[in-house]
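One line per chain: the protein sequences are A and B, in this order. Counting from 1, position 106 in the first sequence corresponds to residue 106 in this note's numbering; the numbering is continuous, with no gaps. This note's numbering runs 1000 ahead of the 1-based position in the second sequence.
Where hints are given, some of them may not hold.
Stated by the list, open to error - Just so you have them, the derived chain B footprint on chain A, three or more residues with Cβ under 8 Å:
hint	segment
1	201–210
2	344–350
3	526–536
4	710–723
It is worth saying that the hints were derived from the structure and are not from the lab. The beta-carbon is built from N, C-alpha and C at its ideal position, and this holds for glycine as well.
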Amino acid sequence: MKLSRKFLSDYVDISDIDIKKLADDMTSIGNEYASCGKFVNATGLIIGKVLSCEMHPDSDHLHLCKVDIGKETLDIVCGAPNVREGIKVIVAMDGAELPGGTIKKGKIRGYDSCGMICSIEELGIEHKFLKEEDIKGICELPSDAIVGEDPLKYLNLDDEVIDFELTSNRGDLLSILGMAYEVGALYNRKVNDIETKYDTMIDKSEKFNVSVKTKRCSLFLAKKAFDVKIKESPDFIKKRLMSSGIRPINNVVDISNYVMLETGQPLHFYDLDRLGNEIIVRDAKNDEELVTLDNIKRNLSSDDIVIANKEHAVGLAGVMGGLDTEVLNDTKNILIESAIFDSVSIRLTSKKILRSEASNRFEKGLDPNRTYLAMDRACYLLSKYADAKISNEITVFDESDKNDKVISISINDINGLLGLNIPDKEIISIFNRLGFTVKNNKDILEVTVPSRRIDISIKEDLIEEVARIYGIDKIEGVLPILDTKKGSLNKFIRGIRNKMVNLGLNETMSYTLIPNGETHKFTNDSFDEINLLDPMSDDHKSLRYSLLPSMMMIYDYNSKRNNKDLCIFEIGKNFKKVNDEYYESNSLAVLMTGNYMDGLYKEKVDFYHIKGVMEELLDYLGFNNRYSLVIDDIPQEFHPGSSASIILNGKKIGIIGKVHPNVSKDDIYLMEIYLDLIENLGVGKIEYKEYSKYPSISKDLAFIVNNDITNDDIIKEIKKAGGKYLSKIELFDLYKLDDNRKSLAYNLVFTDQNNTLTDEIVMPLFNKIINDVTSKLKCEIRDK
Amino acid sequence: MEKDYEKRNIEILDELKKDLDGVKTSNDLVLVKAKYLGKEGIVTLLSKKMKDIEPEKRGSIGKIINDIRTNVTTLIEEKDNYIKEELLKKKLNDEKIDITLPSKKLRRGSMHPFNRITEEIEDLFVSMGYDVLSGPELETDEYCFQRLNIPLGHPVRDTQDSFYVDVDHLLRTQTSSVQARCMEANVEKSPIRMICPGKTYRRDDDATHSHQFGQFEGLVIDKDVTLANLKGTLEVMAKTLLGEKTKVRFRPSFFPFTEPSVEVDVSCFKCGGKGCSLCKNTGWIELLGAGMVHPNVLRSNGYDPEKYKGFAFGTGIDRLAMMKYNIPDIRLMYTNDIRFLKQFDRKELK
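Kindly generate the complete structure, drawing on both the sequences and the hints.
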């Protein structure tokens, strides 16, 4: 909402208040602004008269002018085609600041130029307000302009504007009157009455017929005005429209906009002769078409409200009028519409079709009393500035509630909620400043709120009004006095995050929304993809089922920037839809690629690094000896020979492995663990167990086995044969013997909790291990 | 006769010194030791000859031979110590390393700034007796809007332009949805003190807005809480997160779920309120929205507004992280460049 200082001054006196102060004070009562300042941002301008004008000898378009600016005569070189002797012009003097830069004395092709003669465009006025002559040539001021005076003042362009960013509840402030009441409350000043008195003519024409066939119109006023004279608006109307951001068109159209700005009530004027004598307000039909004022064919649906005549729709209610009943230069008679349409409906229509100054106001809700006021104000201005003869008849459809609201509230309610001690008198005075009347009944105040404040309906709204005018920042912070209690926090996710950080992984944070082709990757599960109905882009269209596609995108991003070494993790939500139900669950993903250690001690990431991360985490969570890796159910994006499902208590809790070479040429290792599946699993307590005080016996041995025998196979056999004294098995050497065979060397430790072990006890066990392993796994012992 | 032995003493010692001069290793020394003190050694043989000496001279001669033995032993021991010392010196010298070679670094992980700040906030509020709660990111319209006094068609739905997946379900635009869930879940309708940090989503993308961002919401419901209590609480939060000197300012505002509503500014922690580029020369930074819980919100979640009051506040987590760590563009938080992530790899204990 652009607030013109001149416009506002019609209704409240702000002559002593600087525009910046006004803007800041309004902010302090809840009305923020984006910018504030002069309408024309130019300095050093003065009215001058061209005393002489000759062609520049070295140019075919430059003129050498002598310009009288009152106190002196300036030499100015001017290139405008319309510069000539005798005209009055706008001169930017040496040092003048214009939006295009600073004007400096200088020589132009050898001749002194001590300033610039300006066009309207050069003053920095928005392009939409400019006519062709404002751009092509310098501005020619009328002869009554006084040399030496301020041209902006002369042109009525010396306005100041605050551009407010209002909260959505304050629709009432989308009007000069609303702003005047707000400023009046702020500075405790009186708001002037609005002039609405006009003469009417006895209207003998057939009474205008309005029928409302939708529930979404609560008030509709229609009045005829005859014999309007279409012409340019008076200057003050044009300039106020411009300050408010609206382009002047002609007096009649401008008046409808002017009244909307003043009262907040959008109006519409129809060419009565083109419209006919009837209006029907109804829901649009599906696929009904309407060409709006901007000459665009709009396709409507039953969600929209239209204004129609006998034949067809003539306007999109609350948004924009139709082209074929538009007020044109030959228009003689008009119908004035002032109405209220359902705010939600207008909001949805305007969101779909077009946002306009009108729809913006309808959306926020209107005061029915203003609907009547705006009608009268329009009639007043039309009779005054368009010579209209206003009909004494009015057609009214009215199901609106125009009553002022009465709210009871106690002083205690107010101070109790705010934590303040504002005296009764001051509270009552605040209400009065706001234009609310107060009946004082002991401790209870009966506050009558004028209908313009549609945002106020309950006690708490009144409390906010008191707080804002009193000064909400005067409240001193006090900590609440509450019962002492323990705060709670889920430590599971935190514990995992800390563990991953401690393992040297960098945490990432990626988008939940991914391209919809990606959701089914890195999984064999079947599920319905969850897609946004209205995505911002295809890149963020579907809710991820797994974190792994996101991890791969992070890898791609970094890889393209030559960040090849990544050990990263993320904890986040996965989403799925099964049988029309939505589910979301926490998951942990890890990606490792490139070098695990860099430089001198370079070490490339391999499967065993990520397996180490997995074991560290699961052991840390208390699951040691309860999980295993099973080569089963490997999605096609994983390397079939270097990947596995992670099984815990017989259930798949995750996946680990290498990315398939078809997906990436780099060696990338991934892991995902479904945290919700393990969060509530029971875990044993940490309890001290006595360790053996007797010495252990340590033995080494190595087997030569076929390649298809795994470490796990050997360990299982060793365990079986070793019995209770075997307390540790550790693989300490592994090498490839030839294409078919490998050698694995183990260190075995034997311990007895209660005695010192001897070779007599250990050797038979050791030999049994050798025999069992070599016979069962058909392998041989090395270097016995 | 004693004189002969005295002379012999000097000869032996001279010879020994010469021999020891030639000794380089412990092995050499063993040979020298044998030559003098071995079974057939020079000193051993001298001792053996004692039996041939007439008894009255044995005392004095014996003393001389003893002296010889002592002297020889001492010299050999000295040499032995010398050799050991030299060996150790050599060993230490050989073991000298270049301590400026790079270390075998253990990998150092890092926590994303979003979660660093979240944990900081959680710890603060837990210490004041708040529960940390979470809720679904894929929410129903009811919890995200309707129960928070935002009926269908409410204009605030525009500013929170949302991602729907069907008519009733959307990615939550605000963590306030957890407010409604937690009030509903409290069957006794007893006092509540909670915060709920988490991810939120809106149709927005530029340097300061991301379609995915984080919010955390605080809610206190009790019999007797005031707007002044809200300010006191936010002052503690601002000082903890942004520095002890931070001041808090209230401006009236509008949110459908609170009444009165306030916009909360904090004094600029960069310039201390003097005015700088961060605070756009105002000295203040807009931090969060807050207010007293709207009676409709209390009512629609089962609390009697005549008995209970409450305050609520909510702010962007990314924004806090960006302010705290001087991150200029929110997109940096989500592109996960490893050069960004690795910068958050240490504690700030002070």
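Now the hints, each set against the structure:
no., hint, result
1, 201–210, "violated (count 0)"
2, 344–350, "holds (count 4)"
3, 526–536, "holds (count 7)"
4, 710–723, "violated (count 0)"
The earlier numbered hints that this structure contradicts are 1, 4.
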